[in-house]
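Each chain, written out:
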Amino acid sequence: MAEVEETLKRIQGQKGVQGIIIVNSEGIPIKTTLDYPSTVQYAGLIQQLVMMARSTVREIDPQNDLTFLRVRSKKNEIMIAPDKDYFLIVIQNPSD
Amino acid sequence: MQNTKMYTPAKQTKKTTGVLNNSSPRSMNNSVSGVPSSILVGGRNSILKRLERGHNRTPRKTARMLGSDGKEINPLAMFQAELGVVPSSAGRFFLGETFFSSGSDHMKSTSSFTVHSSSSFVGSSLQSNMSAIASLTNESEDSSQKLDIPINPPEVLKENDNIEQTVTEEMLDEVAEICLTETDTISLLDIPSSIFVTEDADDAGVIKEKNNQYAELCKNRIGNDNYLEESAQTFSGAPKDKHTQSDKIAKEDKGMIATTWDIYDSFFDQNKSPDNDKDDYTESSVGTSKDQEKSGEKSGSSSSYTVATDSTDRGSLFELEMCGRSLNTELDPQLILSESFRHSLFVMERIVVGKIFQPKLAAYRQLPILKDPDSTAKPGTEEQSEEGEESASSPSLEYLWAFSCELTKGCNITSMAWNKINPNILAVAYGDFDLSNCKPSLICCWSLKNPMWPERVFHCDSWVTSLDFSAINPSQLAVGMYDGTLAIYDVQRQNNNARIADSSKCSERHLHPVWQVNWIKEETLFLREGGAEALISVSADGRITMWSLLNNGLGGRDLMELKSTQNTKKKRKAAGTKTKTECFLSVLTRGLCLDIHPTDSCIYLVGTSEGLIHKCSLSNSQNVLETYQKDLCPVNHIEWSPFSSDVFLSCSSDQIQLWKQDYFTPVFSFTSTQEVVKTIRWSPNWPTIFAAIIGRQLEIWDLDSNILAPTIVHHAAPGVKLMSLLFTTGTDCVFLGDSDGQITVYQLKNLSVGKGEKVETLDDVIQHI
Chain A
1 MAEVEETLKR IQGQKGVQGI IIVNSEGIPI KTTLDYPSTV QYAGLIQQLV MMARSTVREI
61 DPQNDLTFLR VRSKKNEIMI APDKDYFLIV IQNPSD
Chain B
97 MQNTKMYTPA KQTKKTTGVL NNSSPRSMNN SVSGVPSSIL VGGRNSILKR LERGHNRTPR
157 KTARMLGSDG KEINPLAMFQ AELGVVPSSA GRFFLGETFF SSGSDHMKST SSFTVHSSSS
217 FVGSSLQSNM SAIASLTNES EDSSQKLDIP INPPEVLKEN DNIEQTVTEE MLDEVAEICL
277 TETDTISLLD IPSSIFVTED ADDAGVIKEK NNQYAELCKN RIGNDNYLEE SAQTFSGAPK
337 DKHTQSDKIA KEDKGMIATT WDIYDSFFDQ NKSPDNDKDD YTESSVGTSK DQEKSGEKSG
397 SSSSYTVATD STDRGSLFEL EMCGRSLNTE LDPQLILSES FRHSLFVMER IVVGKIFQPK
457 LAAYRQLPIL KDPDSTAKPG TEEQSEEGEE SASSPSLEYL WAFSCELTKG CNITSMAWNK
517 INPNILAVAY GDFDLSNCKP SLICCWSLKN PMWPERVFHC DSWVTSLDFS AINPSQLAVG
577 MYDGTLAIYD VQRQNNNARI ADSSKCSERH LHPVWQVNWI KEETLFLREG GAEALISVSA
637 DGRITMWSLL NNGLGGRDLM ELKSTQNTKK KRKAAGTKTK TECFLSVLTR GLCLDIHPTD
697 SCIYLVGTSE GLIHKCSLSN SQNVLETYQK DLCPVNHIEW SPFSSDVFLS CSSDQIQLWK
757 QDYFTPVFSF TSTQEVVKTI RWSPNWPTIF AAIIGRQLEI WDLDSNILAP TIVHHAAPGV
817 KLMSLLFTTG TDCVFLGDSD GQITVYQLKN LSVGKGEKVE TLDDVIQHI
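In order, the protein sequences belong to chains A and B. Heads up: the first sequence at position 64 corresponds to 64 in this note's numbering, and the numbers run straight through without jumps. This note's numbering runs 96 ahead of the 1-based position in the second sequence.
For the record, the hints were derived by calculation from the structure and aren't laboratory data. Bear in mind the structure is a predicted one, so any value in this text is a computation, not a measurement. We put the beta carbon where it would ideally sit given N, CA and C, even for glycine.
Quick list of in silico lysine-lysine cross-link-like pairs, BS3-like style, CA-CA up to 25 angstroms:
#: 1; chain 1: B; residue 1: K368; chain 2: A; residue 2: K84
#: 2; chain 1: A; residue 1: K9; chain 2: B; residue 2: K505
#: 3; chain 1: B; residue 1: K456; chain 2: B; residue 2: K505
#: 4; chain 1: B; residue 1: K845; chain 2: B; residue 2: K456
#: 5; chain 1: B; residue 1: K774; chain 2: B; residue 2: K516
#: 6; chain 1: B; residue 1: K617; chain 2: B; residue 2: K516
#: 7; chain 1: B; residue 1: K456; chain 2: A; residue 2: K75
#: 8; chain 1: B; residue 1: K456; chain 2: A; residue 2: K15
#: 9; chain 1: B; residue 1: K456; chain 2: B; residue 2: K545
#: 10; chain 1: B; residue 1: K516; chain 2: B; residue 2: K545
#: 11; chain 1: B; residue 1: K711; chain 2: B; residue 2: K726
#: 12; chain 1: A; residue 1: K15; chain 2: B; residue 2: K505
#: 13; chain 1: B; residue 1: K817; chain 2: B; residue 2: K505
#: 14; chain 1: A; residue 1: K9; chain 2: B; residue 2: K545
#: 15; chain 1: A; residue 1: K9; chain 2: B; residue 2: K456
#: 16; chain 1: B; residue 1: K726; chain 2: B; residue 2: K774
#: 17; chain 1: A; residue 1: K74; chain 2: A; residue 2: K15
#: 18; chain 1: A; residue 1: K15; chain 2: B; residue 2: K545
#: 19; chain 1: A; residue 1: K74; chain 2: B; residue 2: K456
Away from chain B, derived, C-beta distances all over 10 angstroms, residues of chain A:
#: 20; residue: G44
#: 21; residue: Q47
#: 22; residue: Q48
#: 23; residue: V50
#: 24; residue: A53
#: 25; residue: V71
Required output: the full structure, derived from the provided sequences and hints.
Structure (structure tokens):
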């Protein structure tokens, strides 16, 4: 448990990381470093996106599965590690 | 009325001979069964008219359906409306009802006929019809016994259709003869027996016999006195309306998309569920069990939130306020501690860090550096870097990144080793340089993918002096320590049980610091047990020991004892030795370094603290094969050239010497500064390049370009001593470990070296020296 906390702290401390959100399988954020409204917004939207992405991948080959998703935008990059029980979302600014 | 006959003839031919007064008790043969009797009157009449065989004058064109036997099987209509008889149809109904109550069929039939005859009264009013019918009825009272109705419908029809006549009293008083006969039996439906009897069935004969008997029976029935035709009538009950009321059926729309993976999942689960002990049913039960789990998770959710809030005391992460919603107790720790979550975190960390270090790592791996399109780099710095690049056409080191973390801050780096199989893994030993007091030291395994945090951290009891990764079991790391212990760590395991073997309980253990450990591939020598790799260690107690990994630890056996030379030279009684310097070895001297020949793994070199370099063989444990000596300074490091098999480099306190195997004096000595040369390394990529740590600087020598001075000189940062050096295979980078706990990666730039002609280049260079 402590190791997990430490890792989360390290990720949070990396250069450019804006926030980390951990969302459970029902879409409820269980840990976050952002403020509540943004967190809820991210959680809801990203859950839909991940479902769609996973559906796409599995539709092509049902034995395949989504392991990681990166959404690169102008201002930042959202990295999502999906699983059947949770999502781990990290938002990072691009490296300068 | 229903006829008892099975066959329902839709068509009948009725002979028109017959007498009204015929009172045979036979029942009506004109079977128009199947028609409700109340409507029968008119209906039958019309049918009688219409279905006359051979007469095509149907007043109404109906579609004629022919059965399989060619007979017409028009379904009987409930009510026929016909030209010319429409006005009287209402009357017919009325009439039908009247006569139905009487219950006498023939009465009806007669009356139907009478009605029919009155149908000629086209345009006659209902009233007149009624009166006419009534009068006719009265007339036909006496003919109540009449059964057969003589009909002459077509003729009457003709007359009716063409001529309008008025009914006169005389016409009504006429006696009309009606004759009814029965048509032949028309088979409408004949379903043959569907029990197909195979010829070779046991009772085929019996069945056939029975079939024949039955056929005979049917034939005999016609005209047989035993068979009597009877009609029967069923009562059709009066319908009654009954209202019921039910709850409104709630409807719900549900949409579903059957995706390929959904189908695959369901199918897969269905196949899996019989194997599962819990679910013996199909996927429906699997689905319900999942739901139960889910609800179980939901119900217990509140306590996990409390657990989460407790952790705010640690101040690690900001906790979310989830008011009004119960969270899961069991879910949060389960989730956080689950393997997949850790893996996700691990990957995520690497990716996050990878983003930060992407340009550097790309440079390291000699990939094109992707410029971040959205990065907000200032144009000023860009120009500066461009200028810098242009001006640096001379060989130089470019700083890429540094491995460092808090854990290792301020520690001395004593040794570094690459993993032989995975080129991304680097093992580094940290320890405090305190010879008097053996403080615990760290071994960290770093991965290039994450320069911010080591992948593995192991704690050691004593100061680690040397590391080497095994080639055959790439997760085994051999560690030599200052207190003489040799240990093997399995880097795949976590910290606690990573040390899988050590030599502390061995009888052959070293009592003095182990200065170097090397794995050696063993093909020729017989090992006690285990695979084809053994460990060789050289220690300050003068022994070179070979260790092998046994079930219960390490087992060692001495290979060689390094005996010190005396000043007096005495003759050796060795057979076949080629030593030119004869020496008498007595006291053991400290061995400082070791290197195994790259191609011939039986030969190895040992450097001692007395300045001797011995070339030894694994097979010969008594004598050294050769000895090289330049001076009396301790040899700090020896390395064979990876390209040329008889060239090796050695370094001592102030000089670097290049030796060739058969020459007992160094081919060349390199000096730059008068400081202690800590270590030297050949570059694995180019034959003529080696690096050395001399004093406080790192020197890169290129024998091809300049043998008198180093090509690149890099000074350490002030206050930091350079401790350790490693080249990387495949790329032109150098790893430098310093006393501050940082491993800095430099890229060698602009070295004018050719990639080809490896061995020859070095040999040429040597020859030219």
